[in-house]
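Student: Sequential numbering from 26 applies to the sequence shown in the numbering used here.
Since the hints were derived computationally from the structure, they do not count as laboratory data. These numbers were taken from a predicted model, which means no experiment stands behind them. Using N, Cα and C, we set each Cβ at its ideal position, and we do this for glycine too. All clues stand as given, with none of them false.
Label pairs and their computed distance ranges (CB to CB):
{"hint": "1", "residue 1": "Glu32", "residue 2": "Asn456", "range": "26 to 34 Å"}
{"hint": "2", "residue 1": "Gly236", "residue 2": "Ser340", "range": "49 to 57 Å"}
{"hint": "3", "residue 1": "Phe391", "residue 2": "Asn66", "range": "54 to 62 Å"}
The calculated BS3-like cross-link candidates involving lysine-lysine, where the alpha carbons are at most 30 Å apart (straight line), are:
{"hint": "4", "residue 1": "Lys196", "residue 2": "Lys428"}
{"hint": "5", "residue 1": "Lys430", "residue 2": "Lys362"}
{"hint": "6", "residue 1": "Lys27", "residue 2": "Lys262"}
{"hint": "7", "residue 1": "Lys430", "residue 2": "Lys355"}
{"hint": "8", "residue 1": "Lys261", "residue 2": "Lys27"}
{"hint": "9", "residue 1": "Lys362", "residue 2": "Lys282"}
{"hint": "10", "residue 1": "Lys269", "residue 2": "Lys320"}
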Amino acid sequence: MKILTAEQIRALDKYTIEHEPISSHNLMERAASMCYAMLPNEDFWFSSTVYVCGKGNNGGDGLAMARMHVQDNEEVQVIIIEHAKEGSPDFAHNLYLLEEEGNVEVIHVRTIEDFPPIDEKALIVDAILGTGLSRPLEGLLASVVVHINCLDNHVVSVDMPTGLFADDNSKNDLGLVIWADQTNTFHSPKMSMLFPETGNFAGAVEVLDIGLMDEEMNPNSKYEYVQLEGLLKLYKKRPKFSHKGTFGHALLVAGSKGKMGAAQLAASACLRSGAGLLTAHVPACGLDIMQIGVKEAMCTVDSNQDYCIDLPNLSPFNAIGIGPGIGTEKDTANVLKRLLQDADARLVIDADGLNILGENKTWLSFIPKGTILTPHPKEFERLAGSWETSIECLQLQQDFSEKYKVIVVLKGAHTCITTPSGQVFFNSTGNSGMATAGSGDVLTGIILGLLAQGYSPEVATVMGVYLHGVAGDAALIEETEETLVASDLVDNLNRAFGLITGLF
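Please work from the sequences and hints to get the whole structure.
Tutor: Below, the structure written as structure tokens:
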């Protein structure tokens, strides 16, 4: 799914109206009906529903939803914020239709003192402003947002939380943005919903397909929101007449004294992701741990007892992962350097491998093209430098991928993947329970296993991140976000792959 800017969304609306063809009112009706269907059920949770509407098309959506509520014989209150002299044509038309229904209270707010009291058990629908906002709120609108944020009510925003810009919020006043519990957004997530400093305003995001003609217009965007439908086209069905050699031989260089758990997690995930063969290169202290903990893995043993100082013969391997738990000893750093210089196989570098690169930035020029780096934000900062906003971070990440011809997986709530060609992928799966020790080691193993099977680095990365998130979501069948641990991700990879293969 392409992620579009606010300007592109407006152009797509216009294109759909002209080419479907459909009137702007009927397109709004379609969007409002879908948004209305996604509202929480007030019979179980809420005493009533209060629609707070601006005078543009976002307010028109809210008025149309309120009319649907009235037609369903539900109790509603409508508050119109008089922030402009005239409403948009579709707003005015929907206000007329709502008033024709009768039996609905409409309150016009011209000053904050006019804002009526709201029952603390009521559901508030925020339909004040949508994607068209490009400057910080002020005056009455700012006062209304602050007032709503001081209430304890559950808030659902229509398309955008009022006050939030769809794209870059670096010049916005984030103190004047609605804190929504849920946002029902149209067509695709907006960029600001995917960034840590702004995404929390949107709460749980539901993306509603309102039938905009994306494929026909084909707007140009290098940003993608990864979903199952796209991955189904990339999945390679395993042939009936195959053997373990068909699915590749991976090498995992991992572990040191006290950190063999990371090596075990990555190795288990690699094998559970379909690699035909896995050899783990571990320090001598980790041999028994790996052989007992991951029975299916073969091992080569380093000459050093506590950490790795050498490499095995690299010729048998078509994919190599390095980093989980290896430490940053000087001799271990030289192992990474030799690997960068000598390996012909595809590489995945994670954890301490990235920390070593951060301490030896001249080695970045040695990294083979197509190598996959999987940093968390602090590891990426050590590699690429600091940033003030997520927009700046994204630009740094894109520049880094292009300069060194590598794929960067910046881990987070919507893990961001950048490629040397300029493509950017935001992941759609996963949950906060995955913010736990070892989760990144599992991701390294998944990507390594896919690489070994012959997936391209780009596909292995995008698919691996998605599957990693699905495994985390599947783990919540039996765990909570608090109790989820990294080994639960490995245990649920069967459900993740089952989603792609059609078994679940």
